[in-house]
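Peer 1: Same order as they appear, the protein sequences are chains A and B.
For the first sequence, the working numbering begins at 1 and goes up steadily by one.
For the second sequence, the working numbering begins at 1 and goes up steadily by one.
Treat the hints with care, since some could be wrong.
Claimed, not checked - Calculated pairs, DSS-like style, for lysine-lysine (alpha carbon to alpha carbon, straight line, at most 25 angstroms): (1) A:Lys57 - B:Lys70; (2) A:Lys9 - B:Lys38; (3) A:Lys9 - A:Lys71.
Note that these hints are calculated values from the structure, not bench results.
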Amino acid sequence: DGGITQSPKYLFRKEGQNVTLSCEQNLNHDAMYWYRQDPGQGLRLIYYSQIVNDFQKGDIAEGYSVSREKKESFPLTVTSAQKNPTAFYLCASSNPSGDSTDTQYFGPGTRLTVL
Amino acid sequence: AQKVTQAQTEISVVEKEDVTLDCVYETRDTTYYLFWYKQPPSGELVFLIRRNSFDEQNEISGRYSWNFQKSTSSFNFTITASQVVDSAVYFCALSEAGGGSYIPTFGRGTSLIVHP
């Protein structure tokens, strides 16, 4: 089945450590996105990539980094510079060349907790 | 700049009641798209509907219906005869065609609790 997978589902990190969240899609979508969700604040865009080897900062990129070496993969690294990383992280993808150019489809999310 | 407001933070109903979730948006573009997503307790956002700004027809899908009114910049979502499985957080979103990036802006969500 086509879809988006994120791993792990739950992640615990000690302060001062970097951690990488995985996002893989087999929908053949060109664009991929990372969002952060905090209680009562909706979704906030961290980074997005509309094509391989290119990505753009979103609204809250500080303390995060990404790479887009393959079309199907868009990993997010939460660095030690991120002051409050405990949150729920959602990955999404869309197909700008399709009929519904901006409909995003989401993965199941990763819940990151900093101990 | 685009903006989406979901003024209802939480709604609590009893099963079989009808419930309407409000969504008000702001945009300067004449071409834009509106969305609704459902986020059940598992966390994954599930796409429900996409509407473009040139199509004001209301849509019905089973117990779900959507009322798009450009005159009031609203895109409200009604669940008829609610069920416990409808309990979730619902997000309204807007994307503008003019920017080229097609990245939607999400509202803060409305938490719907359906009691048996």
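Peer 1: If a hint holds in the structure, say so; if it does not, say that too.
Peer 2: Verification of the hints:
no.	hint	result
1	A:Lys57 - B:Lys70	violated, 31 angstroms
2	A:Lys9 - B:Lys38	holds, 19 angstroms
3	A:Lys9 - A:Lys71	holds, 22 angstroms
Going through the hint list in order, the structure does not satisfy hint 1, though it satisfies all others.
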